[in-house]
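There are 2 protein chains.
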Amino acid sequence: MKSKGETVRKHIVGTAHQLFYRRGFNQTSFSDIAAAANVPKGNFYYYFKCKNDILAAVVEHRLQAIQAQLQLWDDELSDARDCLRRFVDMLHREHAVIVRYGCPMGSLNLELCKTQPELHAHATRMFDLYRDWLERHFEQLRYTRDDAADLTLHLLAATQGAALIANTYKDAQFLQREADRIQQWIDSL
Amino acid sequence: MKSKGETVRKHIVGTAHQLFYRRGFNQTSFSDIAAAANVPKGNFYYYFKCKNDILAAVVEHRLQAIQAQLQLWDDELSDARDCLRRFVDMLHREHAVIVRYGCPMGSLNLELCKTQPELHAHATRMFDLYRDWLERHFEQLRYTRDDAADLTLHLLAATQGAALIANTYKDAQFLQREADRIQQWIDSL
DNA sequence: GTCTATAAGAAGATAGAC
DNA sequence: GTCTATCTTCTTATAGAC
Chain A
-7 MKSKGETVRK HIVGTAHQLF YRRGFNQTSF SDIAAAANVP KGNFYYYFKC
43 KNDILAAVVE HRLQAIQAQL QLWDDELSDA RDCLRRFVDM LHREHAVIVR
93 YGCPMGSLNL ELCKTQPELH AHATRMFDLY RDWLERHFEQ LRYTRDDAAD
143 LTLHLLAATQ GAALIANTYK DAQFLQREAD RIQQWIDSL
Chain B
-7 MKSKGETVRK HIVGTAHQLF YRRGFNQTSF SDIAAAANVP KGNFYYYFKC
43 KNDILAAVVE HRLQAIQAQL QLWDDELSDA RDCLRRFVDM LHREHAVIVR
93 YGCPMGSLNL ELCKTQPELH AHATRMFDLY RDWLERHFEQ LRYTRDDAAD
143 LTLHLLAATQ GAALIANTYK DAQFLQREAD RIQQWIDSL
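Keeping their order, the protein sequence lines are chains A and B. Under the numbering used here, the first residue of the first sequence carries the number -7, and numbering increases by one thereafter. Under the numbering used here, the first residue of the second sequence carries the number -7, and numbering increases by one thereafter.
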């Protein structure tokens, strides 16, 4: 049984997550979150002592969601190559929001890297989850540790680049084409 | 002969350009620019009527610089493939700042796409210059118009992805490796 | 053209009643 | 736990003296 406070807290985190993605972290004000979550501004500080703490909670929440997703893929797919393909499939499934707002991880990283290194480190952890998971699956394809690490970064770069250019030019078709191209590259490994 | 005002204006634009890149547009305040340029805040509004106008001037300045650079490459290199390679060389030449602040165009686009579509359109024009130029050179390699357009977006995505991941993980070596990989891809065309 | 002073509003954060 | 009122600081922007 969840306490009332827990429910409200999660509601705030969910709302903040959406706003941080759609408006950017720095461009999202306390009032924005309060208004969208229907929670009075003052009440906020009962749950979070500052704005950065909300981001921390949002990232924590995202990390758990990503973990659960990766676990699901592992349970569902036995072939390592299928796992890599499923990762790239995200570009297909999320094409609408990617074209509109970019990749949630990529844009957060690029925003925070400039003047908020403490927060940036926080955001990098989302990439780390995918990175570690992808590396393991490349190793299952009998690549050495070093090669798997390099191929992983290459794959992350390919997906991030596709997302960024699709966003820049609002071009969902390019995103699809690029995702297909990456899939073919995986098949060729 | 330049008027005094012209000189000051250019100085402001140059300073703003640096700060917008290093801190992000929204995170750069008027006072930041004024302090860095040693121009009193109030004096600013003699040259620009609002903050958005400074961005417009910065972008205009960048567009001219990019145009001049592309022209130089065209004058210097006769082979279309060499031109494409020279474009990718930017990742090598600029690796230090890319790792630190990301790609100036990519990060600006990703920042402005979220809540400032008017400004985003402005920033996209920088990509357009490279896009048109790259397309022309792919066509010189006897690709059809459509293929050249697709290959251009693919190349832009590859460079943007490399820059973003190198920035995320502060990994200059990866950026070099990825640039080499893209060069090899160009050679294979 | 240059600069100071300041208005007007929004931001993050706090105090304290309920 | 919830909410209102408020403080402080920082923002963009303006007025007007020099």
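Check each hint, because a few of them may be wrong.
Copies of the same chain look alike in the list, so a pair counts if it fits in one copy or across any two.
[Said to hold, decoys possible] As a list, the in silico SDA-like pairs of lysine to any residue whose alpha-carbon atoms are at most 20 Å apart:
hint	residue 1	residue 2
1	43	18
2	162	139
3	43	6
4	43	15
5	162	59
6	43	19
7	33	-1
8	162	172
9	162	123
10	162	31
11	41	53
12	33	0
13	162	96
14	33	107
15	33	178
16	2	135
17	162	114
18	162	121
19	33	122
20	2	29
21	162	124
22	162	107
23	41	162
For the record, the hints were derived by calculation from the structure and aren't laboratory data.
Fill in: Alpha-carbon proximity context of residue 43 and residue 15, limit 20 Å
Answer is both; intra-copy 15 Å and inter-copy 19 Å each pass.
Fill in: Alpha-carbon proximity between residue 162 and residue 114, which holds within one copy, between copies, both or neither at 20 Å
Classified as between; 14 Å across copies, 29 Å inside a copy.
Practice prompt. Pop the pair residue 162 and residue 59 into one bin, within, between, both or neither, using alpha-carbon distances up to 20 Å.
Written response: Neither way: residue 162 and residue 59 sit 29 Å apart in one copy and 24 Å across, limit 20 Å.
Worksheet item: Is it within, between, both or neither when you check residue 2 against residue 29 at 20 Å Cα-Cα?
Response: within (10 Å within a copy, 45 Å between copies)
Discussion item. At most 20 Å between CA atoms: does that hold for residue 162 and residue 124 within a copy, between copies, both, or neither?
Written reply: between (30 Å within a copy, 17 Å between copies)
Worksheet item: When no copy is specified for residue 41 and residue 53, does a C-alpha distance of 20 Å or less occur within a copy, between copies, both, or neither?
Response: within (17 Å within a copy, 42 Å between copies)
Worksheet item: Is the C-alpha distance from residue 162 to residue 121 at most 20 Å within one copy, between copies, in both cases, or in neither?
Response: For residue 162 and residue 121, the Cα distance is within 20 Å only across copies (17 Å; inside one copy 28 Å).
Discussion item. At most 20 Å between CA atoms: does that hold for residue 162 and residue 123 within a copy, between copies, both, or neither?
Written reply: This pair counts as between: shortest inter-copy Cα distance 15 Å, intra-copy 27 Å.
Discussion item. With identical chains, the pair residue 33 and residue 178 could be close in the same copy or across copies; at 20 Å between alpha carbons, which is it: within, between, both, or neither?
Written reply: neither (48 Å within a copy, 54 Å between copies)
Item to complete: Using 20 Å as the alpha carbon limit, work out where residue 33 and residue 0 are close: within a copy, between copies, both or neither.
Response: Classified as within: same-chain Cα gap 13 Å, cross-chain 43 Å, threshold 20 Å.
Worksheet entry | 20 Å Cα threshold - placement of residue 6 relative to residue 43 | within (14 Å within a copy, 32 Å between copies)
Practice prompt. Can you give me the call for residue 162 and residue 172, within, between, both or neither, at a CA distance of at most 20 Å?
Written response: So residue 162 and residue 172 pass the 20 Å test inside one copy only (18 Å; across, 28 Å).
The structure shown violates the earlier hints numbered 5, 10, 14, 15, 16, 19, 23.
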